[in-house]
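**Student:** Which chain is which? The protein sequence lines are C and H, in order.
In terms of the working numbering, the first sequence opens at residue 1 and continues consecutively.
In terms of the working numbering, the second sequence opens at residue 162 and continues consecutively.
Only true hints are included.
Derived lysine to any residue pairs resembling SDA-like cross-links, with alpha carbons at most 20 Å apart: (1) 152/C with 577/H; (2) 591/H with 73/C; (3) 591/H with 9/C; (4) 591/H with 7/C; (5) 152/C with 571/H; (6) 591/H with 86/C; (7) 590/H with 85/C; (8) 590/H with 9/C; (9) 591/H with 89/C; (10) 457/H with 409/H; (11) 591/H with 19/C; (12) 591/H with 15/C; (13) 591/H with 72/C; (14) 590/H with 70/C; (15) 591/H with 84/C; (16) 590/H with 82/C; (17) 590/H with 67/C; (18) 590/H with 75/C; (19) 591/H with 64/C; (20) 590/H with 78/C; (21) 590/H with 21/C; (22) 590/H with 81/C; (23) 590/H with 83/C; (24) 590/H with 15/C; (25) 590/H with 77/C; (26) 591/H with 5/C; (27) 152/C with 561/H; (28) 591/H with 75/C; (29) 591/H with 10/C; (30) 591/H with 82/C; (31) 590/H with 86/C; (32) 590/H with 80/C.
Hints are computed from structural coordinates only; laboratory data are not their basis.
Please read these numbers as outputs of a predicted model, since none were measured by experiment.
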Amino acid sequence: MRRFQGISQRTAELTLAALFAAVAALAIGDSLRIGSGWGEDGPRSGYFPFWVGAVLLVAALWQLVSALGVRPRESFATREELVRVASVLVPAAVQVALMPFLGLYLTSAMLVAWFMARIGGFSWLVAVASGIVTAIVAFVVFEIWFLVALPKGPIEDLLGF
Amino acid sequence: MDQLGLLLNGFAVALDPWNVALMLIGIVLGVVIGVLPGLGGANGVAILLPLTFSLPPVSAIILLSCIYWGALFGGAITSILFNIPGEPWSVATTFDGYPMAQQGRAAEALTAAFTSSFVGAFFAIVMITFVAPLVAGFALRFGPPEFFAVMFLAFASFIGMGSGSPLKTLMVTMAGFLLACVGLDSVTGSLRLTFGSTELIRGFDFLVAVIGLFGIGEILTSIEEGLAFRGAQARIDLSAVRRTWAELPRYWALSLRSALIGCWMGVTPAGATPASFMSYGVARRLAKPGEAPFGKGRIEGVIAPETAAHAAGTSALLPMLALGVPGSPTAAVLLGGLMMWGLQPGPMLFVEQADFVWGLIASMYLGNLVGLALVLFAVPWFAAILRVPFAVIAALILVICSIGAYTVNNAWFDVVVMLCFGVLGYAMKKLDYPLAPLVLALVLGNRTEQAFRQSMLSSQGDLGVFFSNWLVGSIMAVGLVLLFWPLISRVRGAISVQVARRRG
Numbered sequence: 001m002r003r004f005q006g007i008s009q010r011t012a013e014l015t016l017a018a019l020f021a022a023v024a025a026l027a028i029g030d031s032l033r034i035g036s037g038w039g040e041d042g043p044r045s046g047y048f049p050f051w052v053g054a055v056l057l058v059a060a061l062w063q064l065v066s067a068l069g070v071r072p073r074e075s076f077a078t079r080e081e082l083v084r085v086a087s088v089l090v091p092a093a094v095q096v097a098l099m100p101f102l103g104l105y106l107t108s109a110m111l112v113a114w115f116m117a118r119i120g121g122f123s124w125l126v127a128v129a130s131g132i133v134t135a136i137v138a139f140v141v142f143e144i145w146f147l148v149a150l151p152k153g154p155i156e157d158l159l160g161f
Numbered sequence: 162m163d164q165l166g167l168l169l170n171g172f173a174v175a176l177d178p179w180n181v182a183l184m185l186i187g188i189v190l191g192v193v194i195g196v197l198p199g200l201g202g203a204n205g206v207a208i209l210l211p212l213t214f215s216l217p218p219v220s221a222i223i224l225l226s227c228i229y230w231g232a233l234f235g236g237a238i239t240s241i242l243f244n245i246p247g248e249p250w251s252v253a254t255t256f257d258g259y260p261m262a263q264q265g266r267a268a269e270a271l272t273a274a275f276t277s278s279f280v281g282a283f284f285a286i287v288m289i290t291f292v293a294p295l296v297a298g299f300a301l302r303f304g305p306p307e308f309f310a311v312m313f314l315a316f317a318s319f320i321g322m323g324s325g326s327p328l329k330t331l332m333v334t335m336a337g338f339l340l341a342c343v344g345l346d347s348v349t350g351s352l353r354l355t356f357g358s359t360e361l362i363r364g365f366d367f368l369v370a371v372i373g374l375f376g377i378g379e380i381l382t383s384i385e386e387g388l389a390f391r392g393a394q395a396r397i398d399l400s401a402v403r404r405t406w407a408e409l410p411r412y413w414a415l416s417l418r419s420a421l422i423g424c425w426m427g428v429t430p431a432g433a434t435p436a437s438f439m440s441y442g443v444a445r446r447l448a449k450p451g452e453a454p455f456g457k458g459r460i461e462g463v464i465a466p467e468t469a470a471h472a473a474g475t476s477a478l479l480p481m482l483a484l485g486v487p488g489s490p491t492a493a494v495l496l497g498g499l500m501m502w503g504l505q506p507g508p509m510l511f512v513e514q515a516d517f518v519w520g521l522i523a524s525m526y527l528g529n530l531v532g533l534a535l536v537l538f539a540v541p542w543f544a545a546i547l548r549v550p551f552a553v554i555a556a557l558i559l560v561i562c563s564i565g566a567y568t569v570n571n572a573w574f575d576v577v578v579m580l581c582f583g584v585l586g587y588a589m590k591k592l593d594y595p596l597a598p599l600v601l602a603l604v605l606g607n608r609t610e611q612a613f614r615q616s617m618l619s620s621q622g623d624l625g626v627f628f629s630n631w632l633v634g635s636i637m638a639v640g641l642v643l644l645f646w647p648l649i650s651r652v653r654g655a656i657s658v659q660v661a662r663r664r665g
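Next up, chain C with everything else stripped away, as it sits in the complex (with noise of 0.2 Å):
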């Protein structure tokens, strides 16, 4: 199997305007079903966003065709690009997801020191340290002082708040 080298241009380009076509697709799709045409008390629901979608959909359609012409050899992010990418995206969409069940505070501190860990390259015992610090300082601001509301978790539980 060819060692995967990163993503060209062309297969960027291809993408991003497919997703935009779709989205006009979904778009016009939901219109008709609305009605996007003209009711008794003016233009209804649909009427709008129809046309716009239209219109997105012409112009995704176009920038599609002329994607097709970019040259396949130039890059859009070569493999150590997109592992730099990754090592900074798969840890905060990680953080996102547990956020629900252990809290916005304890998933925070986790990231905290996950980065300085692993990217910054500090000792396990500063990065975890640091990460409980920012949580703190993040709940004396948040939730002391401006009455913010954050998810909470497991811990938060515990402490009684």
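Given the coordinates of chain C, work out where chain H should sit on it, guided by the hints.
**Tutor:** Chain H only, in chain C's frame:
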């Protein structure tokens, strides 16, 4: 001189000790935000917006607009010292600013940058003071068709005058309008584009989109480039300031020209970034032969883009205040703030909320003055922020972004949406899709649609309503010319090639 009286009242509002304290906090936060790559003016303001609900609107807007001024100042610090533009509008500042720092003239470059930022902003604020009330007064006569025409003009000028591909600009604008449509239609009460999801009934909040597109997207692009901060040391002492200030009046013509370019680009929604590039380009083109080339550390190369960027960033508030059509993404976020605080943006603001408007304008004078003093003397501390390792900064920014996205509606779903917008923003930025029109369309979508519907209602579906009188007709005509400008210029180019061929 009505305006001066109102402005004095405004100063009374802005000089309230509590508001002055918020001003200082805003400027400091803004400079920090401007220095950090990944936190920009637009998403910095977006993150803090939900926290301002408990404040009176005028205090809230003073805090948030000062963050904006601070971010405009802060972008220059990293451009000059680290060759890393903290904000897109400071990219052009790196061309001559960083070489100056390498030659040991960092203090001179920074002083010139901050002072010209201040000059640009001051110029724009004076313009706002005197022109905005006139525009608002004029706009009081606007009906729905005129408002739709103004919005049309704003988006058409993005498409026609933007630096990127007009097709891509059109696509993101339309996508922004569609995102604005999602949720409950306030006119008919039917659900649009929700596809059965209860989370989508709320619609896509522009704050979540801004935090994702600008915040997360920026971090992903920064980490991809493998950021390492390595910068010149800088401390500005008084003698360097005095020396540079003595030198600056010589460049008055350059400053004036750059400020004018900035004001023009800021009022039309081109924004600060193209303004800074254009001003730099014009300065370079007008340089006399035989002088030292640009790009090797000429002070003019710092003055031109900084004056224009700050003038543009500031004057972007003029159409926002007078017409309710923001001239930049950050102004769009501020406009969204107005709506969230229960104020109706548009020309009536000057009549109904005079305290608010003039308090804001007065705080712009004060905020920029305070900002200038602050950045001149606190540069070393702000520059030290970049000595914090990127891993720490990135993690903190991610945490702040998710808190910001969550607090908008207290919804976890929004945090997920933010992350998706982040990936989208990363891909869009790499493929040169402009982000600003998407944000503007998302903020203005509902009001554009409303203006369109009301016009259609009054005309019974006849599109001729947009050409029914000279006012709306001429705005629409200018909009159409701008919209099709890329096509027109291509056709003209093709014709002139043909002509040249025939002659040759």
